[in-house]
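Trainee: Residue numbers (the working numbering), protein chains in the order written: chain A, 7 to 411; chain B, 342 to 756.
No lab work stands behind these hints: they were computed from the structure. One should not assume that every hint holds.
Claimed, not checked - For the chain B half of the interface with chain A, some residues (derived, Cβ under 8 Å), not all of them:
(1) Pro452
(2) Glu525
(3) Tyr529
(4) Asp680
(5) Val682
(6) Arg693
(7) Leu696
Claimed, not checked - Using C-beta positions, here's what the derived DEER-type ranges look like:
(8) B:Lys721 x A:Gly307: 51 to 61 Å
(9) B:Glu674 x A:Gly37: 33 to 43 Å
(10) A:Met308 x B:Asp566: 38 to 48 Å
(11) A:Ile377 x B:Asn547: 51 to 61 Å
(12) A:Phe146 x B:Asp566: 27 to 37 Å
(13) B:Glu594 x A:Pro393: 42 to 52 Å
(14) A:Glu367 x B:Asn547: 49 to 59 Å
To be verified - Listed next, the in silico BS3-like pairs over lysine-lysine satisfying Cα-Cα at most 25 Å (straight line):
(15) A:Lys341 x A:Lys49
(16) A:Lys392 x B:Lys545
(17) A:Lys311 x A:Lys359
(18) B:Lys637 x B:Lys721
(19) A:Lys97 x B:Lys538
(20) A:Lys186 x A:Lys205
(21) B:Lys641 x B:Lys430
(22) A:Lys102 x B:Lys545
(23) A:Lys352 x A:Lys341
(24) B:Lys443 x B:Lys589
(25) A:Lys384 x B:Lys545
(26) A:Lys102 x B:Lys538
Everything numeric in this text was worked out from a predicted model, so none of it was measured. Cβ coordinates follow ideal geometry from the N, Cα and C atoms, glycine included.
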Amino acid sequence: MAAVAALPRDAEICGCNGVCKGQIEDAINAGAGDLGAVRAKTKASASCGTCTGLVEQILGATLGDAFVLPTAQPVCGCTDLSHEDVRRLIKSQALKSQEAVWQELGWTTRNGCHTCRPAVNFYLLADWPLDYVDDPQSRFVNERNHANIQKDGTYSVMPRMWGGMTTPQELMAIAQAAEKYGATVKVTGGQRIDLLGVKKEDLPAIWHDLNQAGMVSGHAYTKGLRTVKTCVGSEWCRFGTQDSTGLGIALERRLWGSWTPHKVKLGVSGCPRNCAEATCKDVGIVCVDSGFQIGVAGAAGMDVKETERLVDVRTEDEAMEWTVAFVQLYRENAKYLDRPYKWVAKVGLDWVKETLADAAERQALVERFDISQSVYQKDPWAERAKPEVARRFHPLADLTLEAAE
Amino acid sequence: MAKKLIVIGAGMASGRMLEHLIDANPDAYDITLFNAEPRGNYNRLMLSPVLSGEKTYEDIVTHDAAWYEERGVTCRFGEKVVAIDTAAKLVTGEKGTLPYDKLVIATGSNPFIIPLPGHDLEGVIPYRDLEDTEAMMALGADKRAVVIGGGLLGLEAAAGMAARGTEVDVVHIMGHLMERQLDEAAGYLLRRSLTEKGIRVHCKANSKQILSDGNGHVRALQLDDGTELPCDLLVMAVGIRPSTALGKEAGLEVNRGIVVDDHMVTSNPDVLALGECVEHAGAIFGLVAPLYDQAKVLAKTLLGEEARFVQKEVATKLKVTGCDLFSAGDFAEGEGREDIVFRDPARGVYKRLILEGNRLIGAVMYGDTADGAWFHGLIKDATDVEEMRETLIFGPAYQGGGRCGPYGGRCSLTA
């Protein structure tokens, strides 16, 4: 509560309704003694609700013992703020570095822990892509090494196949790489080919080989855009209503490389028969004669959940704009490690719909996404296949380098 | 007949040494003092308050020519020493040669100038002496300055100029300011305070070249990402190098500095040295506290008394109004080291203590440094802090037992 008590009166608490701390304090001093009363009087936390924790802490700080603070789940032992609180404060107080977060929000540890650092690192790079520099030390091993570590200590390598499309040349290059590095070959559920059992020291070389054949990382290891799954669409299928493959490729080319709170998977089906299984994706588009039905917040993992309809649009361009805006809204607001379906359940689909229905807001979200992509849409394989970086993946060199860093 | 003592360099270290020597025995030596600068000794540490306007030059003079003359010291100010003959025990100045029985070298240090293209342009200066300070003071409002170096001296220069209305950019190559004295968190707070004073801070910034205005004067500093920072004055404050040329020519053992033993004696038994020009046990010196210790030891050695110089933990403070910071000891992360951290976002306070076993080995503080001396004492004395671990970070006022009342601890320390 100390961090919230320390905020100046003009600190914005509720981003949706533009309510600052002073207004909330005034409302409380004028008799608003609980969350409902503050909401009724100021509108603070009355829209997406992610600033509820902050409003409650202001109630606590202003009323003292007269207010019993509900126990919100803090990020970790380093702070008593929740993820939502931290996100709001990073934005409203313009905190642009890890040190700024630790100090201004009163972290109790010197520089966070393995739980809060990846989250804070994501929040900072999502909100301040041009000011904040990504910190690889705050990432999980898979994201640091740009490959998934497997149970035997080897890694898997998965090149991107835009919209699930490939070519004979790419397949030959994959086959050669698999043979050369002794990899096991698996076709994945996301319409990709996974090469399993690659040794860490071989990673830069196999990336280099695949790069040479024109392929980039499939980001199968990131909290970011994974795959856009498509069906063959109107180009081949007798039932296809639109070019679902083309839209899927375009979406993947636009979204790849972006970091998100958790992984994001898309699907585009060419007709309601839904061969791309779009209705259980984070964003699933189903093509119909009249255009595109965009559903969001599906799941097919620990939870299985059908997407909910966000909007129906007529053109491919609109489908692209709404999808990008939705992903950016998710990037800017969700708790780290919440998939979109969990986030939407918290803030409410109505709030998401309402926000994105505003054409200016939608456009602003797209612009912010593009700014972020100008920094982050780059192939990690190409950078790490360079000799000076590649040495880091060699077992012995690895140890000495880490020690010297 | 008193023995002849020649001292080269009238700086803070030699000034303090002569005080000790003359206090103890005014007749022990017949003293001659050479100084290349045409003046006596002033408190160089206080140049920053002069720059910011909090003090004047007159306030910071400690030993002027009159002070020395009253004590029978022959002053040869503004005269450079050109040669030392250790075999014949002769010192040659620009105006003549003198014999000595004992010689003290206190030539101090030279500021390091990065050999960037354009470093010899007019308007590129170090921050070392009164002339440099005056150049900065003369700049004034509506002018711009760039300071290369975000260490102690560079930041004092930046803050001093900013206080006079000059627009200042600080360019620092490391990830945070004063990285030798502060950790990232305190560096962040310091940067925030300086930004609030209108100083623009660029960390992780590599200087590429100094650009000319076409008339031989500095126009801007260019960074290697292409950014140009326009300036009328460029101050380089990137460290000092011991001034060892005389010592080297005299055939003394010189590494980074003129090598001295625990008695401050060089490789020649009749030549002693102290201050920023010396190297003791591999270390060179830039802060004043150890120099004053050396001055004490050297005076005793000259009087034939036993004394040894011992290097101690030194604490740092920055003399910039409104930037309250303190650091002492070792605060690198390491195996077996633990941190105790306290932050108060409302007051902008950060405190971090570094423990190894039951001993405090380092302390970094920003915003509230009242307990600095107490923590410094715990570090120096290697006190066992096991008992007070829980409340250690809150300072001496919170330590129970018979130690002291709520204010007793602090009072006894500051007294």
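Trainee: Compare the structure with each hint and give your call.
Mentor: Okay, the hints, checked on the actual structure:
Taking 8 Å as the C-beta contact cut-off toward chain A, the hint placing Pro452 (chain B) at the interface is violated, the least distance being around 30 Å. With a least beta-carbon distance of about 5 Å to chain A, the hint placing Glu525 (chain B) at the interface is held under the 8 Å criterion. Because the smallest distance between the Cβ of Tyr529 (chain B) and any Cβ of chain A comes to about 4 Å, under 8 Å, the interface hint for this residue holds. At a threshold of 8 Å, the smallest CB-CB gap from Asp680 (chain B) to chain A is about 5 Å, leaving the interface hint in force.
At a threshold of 8 Å, the smallest CB-CB gap from Val682 (chain B) to chain A is about 5 Å, leaving the interface hint in force. Taking 8 Å as the C-beta cut-off, the interface hint given for Arg693 (chain B) holds, the closest approach to chain A being about 6 Å. For Leu696 (chain B), the shortest C-beta to C-beta distance to chain A is roughly 12 Å, which exceeds 8 Å, and the interface hint is violated. Lys721 (chain B) and Gly307 (chain A) have their C-beta atoms about 58 Å apart, which keeps the hinted 51 to 61 Å range intact.
As the Cβ distance of Glu674 (chain B) to Gly37 (chain A) is approximately 50 Å, the hint placing it in 33 to 43 Å is violated. Taking 38 to 48 Å as the suggested C-beta distance range, the pair Met308 (chain A) and Asp566 (chain B) conforms, at roughly 46 Å. Against the hinted window of 51 to 61 Å, the Cβ-Cβ separation of Ile377 (chain A) and Asn547 (chain B) comes to about 25 Å, which falls outside the hint. Distance hint check for Phe146 (chain A) and Asp566 (chain B): the Cβ-Cβ separation is about 30 Å, which falls inside the suggested range of 27 to 37 Å.
Checked against the hint of 42 to 52 Å, the pair Glu594 (chain B) and Pro393 (chain A) passes, with Cβ atoms roughly 44 Å apart. Glu367 (chain A) and Asn547 (chain B) have their C-beta atoms about 40 Å apart, which leaves the hinted 49 to 59 Å range violated. A threshold of 25 Å between alpha carbons decides the hint, and for Lys341 (chain A) with Lys49 (chain A) the separation of about 22 Å falls inside it, so the pair holds. Taking the CA atoms of Lys392 (chain A) and Lys545 (chain B), the gap is near 23 Å; set against the 25 Å cutoff, the hint holds.
Distance check on the hinted pair: Lys311 (chain A) and Lys359 (chain A) sit about 19 Å apart at the alpha-carbon level, within 25 Å; holds. Using a Cα cut-off of 25 Å, the hinted pair Lys637 (chain B) and Lys721 (chain B) holds, with the two alpha carbons roughly 20 Å apart. About 23 Å separates the Cα atoms of Lys97 (chain A) and Lys538 (chain B), which keeps this hinted pair within 25 Å; it holds. For a cut-off of 25 Å, the pair hint linking Lys186 (chain A) to Lys205 (chain A) stands: about 12 Å separates their Cα positions.
In summary, the hint linking Lys641 (chain B) to Lys430 (chain B) is supported, as the alpha carbons are separated by about 21 Å, within the 25 Å threshold. Between the alpha carbons of Lys102 (chain A) and Lys545 (chain B) the distance comes to roughly 16 Å, so the proposed pair stays at or under 25 Å and holds. For the hint linking Lys352 (chain A) to Lys341 (chain A), the alpha-carbon distance of about 10 Å falls within 25 Å, and the restraint holds. Between Lys443 (chain B) and Lys589 (chain B), the direct Cα distance comes to roughly 18 Å. Compliance with the 25 Å bound is thereby established for this hinted pair.
For a cut-off of 25 Å, the pair hint linking Lys384 (chain A) to Lys545 (chain B) stands: about 23 Å separates their Cα positions. A threshold of 25 Å between alpha carbons decides the hint, and for Lys102 (chain A) with Lys538 (chain B) the separation of about 19 Å falls inside it, so the pair holds.
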